[in-house]
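Quick note, the sequences are listed as chains A and B, same order. Under my numbering, residues 23 to 729 are what the first sequence spells out, in order. Under my numbering, residues 12 to 164 are what the second sequence spells out, in order.
Think of the hints as simulated: they come from the structure by calculation, not from any bench. Some hints here could point you the wrong way.
As the list claims (entries may be wrong) - No more than 30 Å apart at the CA atoms, straight line, and that leaves these computed lysine-lysine pairs for BS3-like:
#1 K81/B x K275/A
#2 K91/B x K206/A
#3 K206/A x K81/B
#4 K679/A x K81/B
#5 K597/A x K321/A
#6 K679/A x K163/B
#7 K94/B x K206/A
#8 K358/A x K106/A
#9 K725/A x K657/A
#10 K679/A x K94/B
#11 K65/B x K679/A
#12 K163/B x K65/B
Computed from a predicted model, the values in this text were never measured in an experiment.
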Amino acid sequence: MALTIGFEWIGSTRRAAAVASPASGAPFAPNAFLRIGADNSVTVIAKHLEMGQGAYTGIATIVAEELDADWAQVRVESAPADAKRYANLVFGTLQGTGGSSAMANSWNQLREAGAKARAMLLTAAASDWHVAASELTVSKGVVSHAASNRTANFGSLVKTAATLPVPDQVTLKDPKDFKLIGHKAARVDAAAKSDGTAQFTLDVVLPGMLVALLKRPPQFGATVRSFDATAAGAVPGVVKVLQVPRGVAVVAKSFWAAKQGRDALRIDWDNSKAEKRSSADLMEEYRRLADQPSLPARKDGDAERALRDATQKVTASFEFPYLAHAPMEPLDAVVKLSANSCEIWAGDQFQTVDQMNAARTAGLDPQQVSIHTLYAGGSFGRRANLGSDYIVEAVSIAKAYGADGTPIKLQWTREDDIHGGLYRPMYFHKLEAGLNAQGQLTAWRHVIVGQSIMADTMFAAMIKDGIDGTSVEGAANIAYAIPNIAVNLVTTKTGVPVLWWRVVGSSHTTFAVEAFIDEVAHAAGEDGFAYRRRLLEHHPRLKGVLELAAEKAGWSSGPLPAGRGRGIAVAEAFKTYVAQVAEVSVDKDGHVTVDRVVCAVDCGTAINPDIIAAQMEGGIGFGLGAVRFGAITMKDGRIEQDNFNSYRVLRMNEMPKVEVYIMPSAEAPTGVGEPGVAPVGPAVANAIFAATGRRMHVLPFPKTGDA
Amino acid sequence: MATTFILNGRSATLDADPAMPLLWALREVAGLHGTKFGCGMALCGACTVHLDGKATRSCVTPLSSVADRKVTTIEGLQSKQAKAVQAAWIELQVPQCGYCQSGQIMSATALLEITSAPTDADIDAAMSGNICRCATYSRIRAAIHTAARGLKS
Numbered sequence: 023m024a025l026t027i028g029f030e031w032i033g034s035t036r037r038a039a040a041v042a043s044p045a046s047g048a049p050f051a052p053n054a055f056l057r058i059g060a061d062n063s064v065t066v067i068a069k070h071l072e073m074g075q076g077a078y079t080g081i082a083t084i085v086a087e088e089l090d091a092d093w094a095q096v097r098v099e100s101a102p103a104d105a106k107r108y109a110n111l112v113f114g115t116l117q118g119t120g121g122s123s124a125m126a127n128s129w130n131q132l133r134e135a136g137a138k139a140r141a142m143l144l145t146a147a148a149s150d151w152h153v154a155a156s157e158l159t160v161s162k163g164v165v166s167h168a169a170s171n172r173t174a175n176f177g178s179l180v181k182t183a184a185t186l187p188v189p190d191q192v193t194l195k196d197p198k199d200f201k202l203i204g205h206k207a208a209r210v211d212a213a214a215k216s217d218g219t220a221q222f223t224l225d226v227v228l229p230g231m232l233v234a235l236l237k238r239p240p241q242f243g244a245t246v247r248s249f250d251a252t253a254a255g256a257v258p259g260v261v262k263v264l265q266v267p268r269g270v271a272v273v274a275k276s277f278w279a280a281k282q283g284r285d286a287l288r289i290d291w292d293n294s295k296a297e298k299r300s301s302a303d304l305m306e307e308y309r310r311l312a313d314q315p316s317l318p319a320r321k322d323g324d325a326e327r328a329l330r331d332a333t334q335k336v337t338a339s340f341e342f343p344y345l346a347h348a349p350m351e352p353l354d355a356v357v358k359l360s361a362n363s364c365e366i367w368a369g370d371q372f373q374t375v376d377q378m379n380a381a382r383t384a385g386l387d388p389q390q391v392s393i394h395t396l397y398a399g400g401s402f403g404r405r406a407n408l409g410s411d412y413i414v415e416a417v418s419i420a421k422a423y424g425a426d427g428t429p430i431k432l433q434w435t436r437e438d439d440i441h442g443g444l445y446r447p448m449y450f451h452k453l454e455a456g457l458n459a460q461g462q463l464t465a466w467r468h469v470i471v472g473q474s475i476m477a478d479t480m481f482a483a484m485i486k487d488g489i490d491g492t493s494v495e496g497a498a499n500i501a502y503a504i505p506n507i508a509v510n511l512v513t514t515k516t517g518v519p520v521l522w523w524r525v526v527g528s529s530h531t532t533f534a535v536e537a538f539i540d541e542v543a544h545a546a547g548e549d550g551f552a553y554r555r556r557l558l559e560h561h562p563r564l565k566g567v568l569e570l571a572a573e574k575a576g577w578s579s580g581p582l583p584a585g586r587g588r589g590i591a592v593a594e595a596f597k598t599y600v601a602q603v604a605e606v607s608v609d610k611d612g613h614v615t616v617d618r619v620v621c622a623v624d625c626g627t628a629i630n631p632d633i634i635a636a637q638m639e640g641g642i643g644f645g646l647g648a649v650r651f652g653a654i655t656m657k658d659g660r661i662e663q664d665n666f667n668s669y670r671v672l673r674m675n676e677m678p679k680v681e682v683y684i685m686p687s688a689e690a691p692t693g694v695g696e697p698g699v700a701p702v703g704p705a706v707a708n709a710i711f712a713a714t715g716r717r718m719h720v721l722p723f724p725k726t727g728d729a
Numbered sequence: 012m013a014t015t016f017i018l019n020g021r022s023a024t025l026d027a028d029p030a031m032p033l034l035w036a037l038r039e040v041a042g043l044h045g046t047k048f049g050c051g052m053a054l055c056g057a058c059t060v061h062l063d064g065k066a067t068r069s070c071v072t073p074l075s076s077v078a079d080r081k082v083t084t085i086e087g088l089q090s091k092q093a094k095a096v097q098a099a100w101i102e103l104q105v106p107q108c109g110y111c112q113s114g115q116i117m118s119a120t121a122l123l124e125i126t127s128a129p130t131d132a133d134i135d136a137a138m139s140g141n142i143c144r145c146a147t148y149s150r151i152r153a154a155i156h157t158a159a160r161g162l163k164s
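Bound conformation, chain B alone:
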C-alpha cells in the first residue's frame, strides 16, 4: 500500500504499511535519517517534523494520516526562520551529543514561524516537549532569542 504526500517540497509516494509511524517511513523508506528515534511515545521530541507547518511527533503519526499533506523534515528546512535558528545554533555552539538537536531545531523553527518574538514562557511551552539529556537547554533558549532578534532586524 502506498501513501502519497509532499515531502520537503516534492511529491513522495512511500510504499509501506499505512500504520507504520511516519518516523520509520521517513528513516527507512525515504532514507532521511536526520529525524531521530528517542522514545516512540511522543515523550522526547527527537522525532519532531513539521506537518502542514505544525511541529508534530512523527513517532506516533501513522503514515496514512499524512496522505496529501505537507511534511518537512530537518533536511528540508528552507524558511528564513529555519536559517536563523541553524545559524544561531552554530554561533552559540548549542549541540553536544547532537542526537536531540534535529527535533529541537524543528520545534524552535515552528515556534518562530508562528511567534516572531517569543518570550521565555513561549519558549518553555514550545520546547519542553523536547528532551536534551546533555541539558543544552540554556543555549537552546539563548539561540532562539538570538534568532528572533536577527529576524527582527
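Bound conformation, chain A alone:
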C-alpha cells in the first residue's frame, strides 16, 4: 500500500491529507525532497517554513520544473526536523528559515533533486519499453515515446524507478525551456487558505489534549516569589496550575477555562532583578552615547578629517522605537511529552535550535524531539529565536504536568504577544556628512547606538571585534562612492529581550541612510534621484533598480501639485536590490496619505513573479505601518501597549496603491520575503519633505510634525 502522509493530522473535521493509494508498491523517493507515489502523486518535501512568503510554492516550483511534473499533481508537505538532510545551506548546519534565504539556498539543491528524479524516470521507461532514453520526452508528468506512440505517467514508472541507482551527475534545464519558473504558478496553499481548511497550530486537536495559558512577569527579569492558585483552580475546566521557569501556567480543558483561570491567578512578583527603566530614559541615554567612544564597523579613509576639511556639513539624528512583530497568529505550540520522546506541533521557523532547546528542557536528546512543522500565521522573524521561548515554555509546562504523554497546547494571547518581548531593538542614529565646494560627498560618518540581537545567545560567537553585524547591516555596507566613510557602533544592554524583525538591521539603517542622503542631496542643491545615481555609477544592480523605479514613477515628470510630494530610496538586503518611490498627500492638519508606492526589485532569476510582487506589496504594507504607527514603549519596566488598539498596525484604508517592476535577470535567485520592507520608510519620509519641507527624524511619524 503506497501511502503518502501529509503534514495535516487526522481530526474529525479535517480533510485527511493522507492519501491511501490503491496501487501496490513503495513510493519512489530518490532524495529527501521528493516522493512519487504509484498513484501518480508528486509530493515535494519542503525544508522551509511556509509563513506567507510563498516558500512552499517556490520550493515545489523548482522541483516540479526540473522534474517536468504536472503542476496540478504536485503537493507539498513539511520536512521533519533533521538537519542532516534539511539544513539551510546559508545557515550551514542548522535547519531553519530566515534571512530571505529559502530560494537562494534551495536553488541548486532542488534543481538537482528534480532533475535526477526525472532522469531516473526516463531510465525506468526506457527499461520498461526497451528503447533508448534519448528517444523519450517528458511533459506534465507523462513520459512519451513518440516513435511507438507509448506514454506512461510518473506513477506507472515508480516501481521500476525505485530500483534504479541515483545518478551522480545530471544536466539541468536550460532556462529558456522553463515552463513554471518565471511564470505564474498558482500558490499550492491558496485554496485551503480561502476556505478555512488550512490548518495552523491553533487548530491542532489531539485525543486528551489540554490547553495552557502562561502568566508571564509584567517586567522583564522579574520572577515568581509566590502565587495563590485557589481561585484559578476553582474555575470549571481548570485541571492544574503549575509553576514553570517563565511564570505560572494554568492547564485546562479549553482555552476559555484556561483564560479565566489565568485571570484569577494571584502572583507576587520579585522584581529586584527586573528591568525597571522607561524607553524614554533609554533613548536619552542613547543620545548621549552617540557622542561617546564607539567601535568601528567600517573605516574607509579618514572621515573625521574629511569632515573637518569639508566646505559644508550636514548632520541629522534619527530615533527608532522597539517594534513588535505581531503576526496574526499569536504564538502557540502543542507538546506531547513522555519519558523518551517529545513531539511538537508548531509553525516552526528554527527546527534545529528548537530541537536542542526542547531537548534540554525535557532532559532528552535532540534526536528524541520530533517537530511537525505546520503553516505559521505570520512570523516576520518572531518564531526564530535562539532561546526558542515559546517552545521551551510549552515543553516546561508539559514537563511540570508530568510528562505523561498528555498533549498540551500552549496558547499565547495578543496581550501576551505585545508584552512578550523579543522586539526589534530601539536605536539612535547620528549621521554627519561633509561636502566639498562642488556639493560632492567627501565624508560620511554614521554612529549607531542600540542593543545587540546576538549577544548572550548561542550566536554570540558571530560578534567580531565587538560588532554585531545585524546592528550595522545596511549602514556599514552602503555602496555609495564616498571616499571617506566611518560607521561606528555603540552596543547597549537592557533587560528587554530583542530579536531580528523583518529585514533586521535594514529596518532602521536603511531609513537613516536613505533619509539622510536625501538631506545631503538637498543641501547640495540637487535632486535626490540624480545625486544617488551618480554615487552608484559603479554598482549596476543598485543603479538599475533606482533608475527603473524612478522611470516608472515618472520621477522626472515635474513636481506634483501643492500638498503632494515624491520621495525615493534604494537598498540592498540579503543580496536583493530594491528601490521605491513613494507619493504622498499631506493636508493642512498634517495628516499624511501615502497614495502610491512604485517598487523596482532585482532578485536574480524570478521564480514566481506574482509571489515576488506579493512580497513587495506585503513588505511595503508591513514597513509602512511600522514607520507610521509602530512603537512599543516601556514605562518603569512595563510595556505600555496591550493589543491592536494601542499597538497600531496598517489597515486596509491606509494601504497605498503599489506597482511592482521586476528587473529581468539570469542571476541566481535571491530572496524577497524581507527586502521590500527596507526602502518604504525613507521613501515616504522623503516624499513628506517634498510636500511639506519637514524631515522625519523620530519614528513613528503619524503626522508631519516631529514627535
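Given chain A, work out where chain B should sit, using these hints.
The following block gives chain B in isolation, referenced to the frame of chain A:
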C-alpha cells in the same frame, strides 16, 4: 447549560458556559476551526462570522446572545457572493500566511451581500476592521471588485 441556534444552516445545541465567546464555542465545542483568534477584543477581525447575515466579531459575542439566531462561519458559506469572493481570492492569489483570510472573506462576503457594487470607500469602511499583517490589502480590494464584477454579469 446549552445554547441552541442555527449553525451553518442546521440546528446546533452547544453545551457550554453561556458567557463563553462564540469564537471559542465554535472552535472548541463545535469543532469548526476556520474562524481564528487574533486579538480577543474585536480589533483584528480574524474571528468574523455572520450573525443573522451581518459581519460580527465572534470573540466578543457571548454564546448565549446567539440563541435562536443564525450563525454562518467560513465553513458554511453558500451564497453566490461567497462563491464569487472565494473564486476571486484564488484567481488573484490573495492569501499569504492565510491566518486572517477567513475573517477577510466573511467581511467581504457580507459587504457584497449588502452592496452589489461597492466603491473603494465602501470597501475601506467594511474591511478596515480586518487586519492583515502580511498586508495583502491591495489584492483583497482587487478581489472584491473582481467578485462584484463577476456577479453583475
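Hints, verified against the model:
Among the hinted pairs, K81/B with K275/A is consistent with the structure: their alpha-carbon atoms are about 27 Å apart, no more than 30 Å. Using a Cα cut-off of 30 Å, the hinted pair K91/B and K206/A holds, with the two alpha carbons roughly 27 Å apart. Annotation: proposed proximity of K206/A to K81/B is violated, straight-line Cα distance about 40 Å (limit 30 Å). Between K679/A and K81/B the alpha-carbon distance is near 37 Å, which puts this suggested pair outside the 30 Å criterion.
Between the alpha carbons of K597/A and K321/A the distance comes to roughly 22 Å, so the proposed pair stays at or under 30 Å and holds. Of the pairs offered as hints, the one joining K679/A and K163/B holds, with about 25 Å between alpha carbons and a cut-off of 30 Å not exceeded. This hinted pair checks out: K94/B and K206/A have alpha carbons roughly 23 Å apart, not beyond 30 Å. Of the pairs offered as hints, the one joining K358/A and K106/A holds, with about 24 Å between alpha carbons and a cut-off of 30 Å not exceeded.
Between the alpha carbons of K725/A and K657/A the distance comes to roughly 23 Å, so the proposed pair stays at or under 30 Å and holds. Proximity of K679/A to K94/B is assessed by CA-CA distance (about 26 Å); at most 30 Å being required, the pair is judged to hold. Taken as a hint, the K65/B and K679/A pair is honoured in the structure, with Cα atoms around 29 Å apart against an allowance of 30 Å. The straight-line distance between the Cα atoms of K163/B and K65/B is roughly 22 Å, inside the 30 Å bound, and the hint therefore holds.
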